[in-house]
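Taken in sequence, the protein lines are chains E and H.
Residue 469 is where the first sequence starts when you use the working numbering, and the numbers rise one by one after that.
Residue 469 is where the second sequence starts when you use the working numbering, and the numbers rise one by one after that.
Misleading hints may appear alongside valid ones.
[To be verified] Pairwise CB distance ranges, derived in the manner of DEER restraints: (1) H:Lys608 <-> E:Gly478: 48 to 58 Å; (2) H:Ala526 <-> E:Asp794: 35 to 45 Å; (3) E:Asp670 <-> H:Asp635: 35 to 45 Å; (4) H:Arg587 <-> E:Glu802: 54 to 64 Å; (5) E:Glu802 <-> H:Pro656: 51 to 61 Å.
[Stated by the list, open to error] Partner residues aside, some chain E positions facing chain H, computed with beta carbon under 8 Å: (6) Pro477; (7) Gly478; (8) Arg503; (9) Glu517; (10) Pro773; (11) Val778; (12) Val784; (13) Trp796; (14) Ala806; (15) Thr815; (16) Gly818; (17) Gly822.
[Stated by the list, open to error] No more than 30 Å apart at the CA atoms, straight line, and that leaves these computed lysine-lysine pairs for DSSO-like: (18) H:Lys608 <-> H:Lys556; (19) E:Lys476 <-> E:Lys556; (20) E:Lys556 <-> E:Lys608; (21) E:Lys510 <-> H:Lys476; (22) E:Lys476 <-> H:Lys510; (23) H:Lys608 <-> H:Lys626.
If you're looking for bench data, these hints aren't it; they were derived computationally from the structure.
Ideal Cβ placement from N, Cα and C applies to all residues, glycine included.
Number of protein chains: 2
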Amino acid sequence: MSPEMPLKPGAVIGILGGGQLGRMLALAAARLGLRCHIYAPKGDTPAFEVAHQATEAAYEDGEALAAFARSVAVATYEFENVPVEAAKAVAALTPLAPGANVLEVSQDRLLEKSFVRDRGIGVPDFLAVSSTEELDVALKRIGRPAILKSRRLGYDGKGQAMIAAGDDPRQAFQSIGGVPAILEAFVPFLAEISVIAARSRDGSFAAYDIPQNHHRGGILRRSVVPAPIDGRTVEAASAMAMRLMAELDYVGVMATEMFLVDEQGGERLLVNEIAPRVHNSGHWTIDACSISQFEQHIRAIAGWPLGDPVRHSDAVMENLIGEEIDRWPALLAESRLALHLYGKSATRPGRKMGHFTRLMPGD
Amino acid sequence: MSPEMPLKPGAVIGILGGGQLGRMLALAAARLGLRCHIYAPKGDTPAFEVAHQATEAAYEDGEALAAFARSVAVATYEFENVPVEAAKAVAALTPLAPGANVLEVSQDRLLEKSFVRDRGIGVPDFLAVSSTEELDVALKRIGRPAILKSRRLGYDGKGQAMIAAGDDPRQAFQSIGGVPAILEAFVPFLAEISVIAARSRDGSFAAYDIPQNHHRGGILRRSVVPAPIDGRTVEAASAMAMRLMAELDYVGVMATEMFLVDEQGGERLLVNEIAPRVHNSGHWTIDACSISQFEQHIRAIAGWPLGDPVRHSDAVMENLIGEEIDRWPALLAESRLALHLYGKSATRPGRKMGHFTRLMPGD
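Could you build the full structure based on these sequences and the hints that come with them?
Here you go:
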């Protein structure tokens, strides 16, 4: 722990990335009397609107990064594809949480899956693939259907291609740009779930109740909490996230996405992906918990005690993607519905423009 | 309703006043994808930190007021002592909600009490007093104990003097500066409560559950919701607030503070004060409701439908006044407690620095 910890009210938190996650982090920080300095490249940066300070500069701009790092008491990121070099440049001048080591692991699917598997935690079968020849070999071992995923820069289903019976593997490899990739077994899962959990500087751990997530076209559509899974599965999922976070010396909120699969009549969990940041499948915590995932992340990186992740209501969160934002007038008129719009200036297909959470009395 | 209504996401809301109420309004607006332009005189202005735009200028600066008014789609105020002339200058150029008429009434205790009484709604006995001679006459009619209150610029117990048996009325009159005042009967109340309610542009009305308020030294210390009052009293209180808001053609959130008094074995309500803004005794709505009083105010002035004021939890809100802000580390560590710090740069005795809300499972 650095000597500046815990932060005092009024301290400035630096956030690399200016999207909706940065915006919601800044709003949570403001509630706690903390200020945010957002660093983001030119683009649509909704986080700038609500921040104490903003720097618009490239992640390759060493001078701007240094000035940013010197202006903040602690830094974090809201986007897992912040270049590792940029994160390291910041970390050289101010505490960075989570660390740059986490980005290195999570930015490369091969490292990420290997990291998880090497801790004895289940993942779908996978093999590294960097040529069509390797792909042919991998397909024989993994079987079909399988998913080819680029090792780097993947999110919201980008850089992925399904290879089912009859599909041409070469075409799939071309469609992801012929870049280094992994071939992963397609898992016929019962449910997709995620563990949204926080780890503090002193190693304490707190996990929210687990949502079930529903994707379409690789993009999260809906999270429903609580997920219809039994108590033992909840405990196992939570223990896996805790183990991974401890191994990463993680500080902050992390999402661990998992598949629940049926195995010989029992339930088994396979880790699909880790996201080293607050996560879309945890947005319901703003409305259904006293302490949201955003406040929890701020508390963790500030060296403050984690909040109680207790949930007061059941919740269903849905994303507003692209033109769906036009539903806002109807949504505003609904009872027990909390609407969140991100203030993005341009609507584009596939772009997350907002979300809403329906609350139901808890159990 | 002006042709610009309802506002579209991305529109700019102007707020006169830069304190914690403006800050929490701006945070609520940001959640809805709206932007805020805060106008406040030089001073500690925590709302500036989270706003899209800020103007630091005097309420007498006509040019700055005009530029502010032209930059926003609708304007509101977070402080009932914004000069009426400033409010009128803004209202001449952009829709202002609530209107300047409300400020005229609420800034003058004599007009305010008369307005309420003339609608057939109970208030403590009062008489206008502008000299020691008038005070002597009034004291004979009202009796002791009584409270002398300056007509203008009173809040948080300022400009008030109790006159009990044996007290020198001249000294009381001097202590409030010898300004025009009212003498009000001291009411031995069972409880202080407040109705936090919203009225929309189309006249619809929504009231939150009623908190019981506890003051010390004229400053709100604690609000507890629900107040221990019976259903008929709740309905009567709500009906009074609705009546007053309709008569004022009110748009936005208003607080009506009331005394619950015992009268010949029954309960009776007397209106103590109206506050034409979001109110300290409604801060618990941030944590105990889907739609906070701040979002509700933004919805109302934006021409949007009011949110359902349903409450998911019981709550106790306490203020952090002056040095009490130093309790923040202990409060952060408490379960089911939401801490709110206002980011004020200087701590002063009597100054509201933050608040916290304890949630309990609802009934």
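Status of each hint after checking the structure:
1. H:Lys608 <-> E:Gly478: 48 to 58 Å: For Gly478 (chain E) against Lys608 (chain H), whose Cβ atoms are near 53 Å apart, the range 48 to 58 Å holds.
2. H:Ala526 <-> E:Asp794: 35 to 45 Å: 42 Å, holds
3. E:Asp670 <-> H:Asp635: 35 to 45 Å: 57 Å, violated
4. H:Arg587 <-> E:Glu802: 54 to 64 Å: 34 Å, violated
5. E:Glu802 <-> H:Pro656: 51 to 61 Å: At 45 Å between Cβs, range violated.
6. Pro477: 5 Å, holds
7. Gly478: 6 Å, holds
8. Arg503: 6 Å, holds
9. Glu517: Since the shortest Cβ distance to chain H is 5 Å, the answer is holds.
10. Pro773: 5 Å, holds
11. Val778: Holds, because the Cβ-Cβ distance from Val778 (chain E) to chain H comes to roughly 6 Å (cut-off 8 Å).
12. Val784: With Cβ-Cβ at 13 Å, over 8 Å, it is violated.
13. Trp796: 6 Å, holds
14. Ala806: This hint holds: Ala806 (chain E) lies near chain H, its Cβ roughly 5 Å from the closest one there, short of 8 Å.
15. Thr815: Check failed: Cβ of Thr815 (chain E) comes no nearer than 10 Å to chain H, outside 8 Å.
16. Gly818: 19 Å, violated
17. Gly822: 7 Å, holds
18. H:Lys608 <-> H:Lys556: The hint is violated at about 40 Å.
19. E:Lys476 <-> E:Lys556: 25 Å, holds
20. E:Lys556 <-> E:Lys608: Given that 30 Å is the threshold and the Cα spacing comes to 40 Å, the pair is violated.
21. E:Lys510 <-> H:Lys476: 25 Å, holds
22. E:Lys476 <-> H:Lys510: Roughly 25 Å between the alpha carbons, so the hint for Lys476 (chain E) and Lys510 (chain H) holds.
23. H:Lys608 <-> H:Lys626: With a Cα-Cα distance of about 24 Å, the restraint between Lys608 (chain H) and Lys626 (chain H) holds, given a limit of 30 Å.
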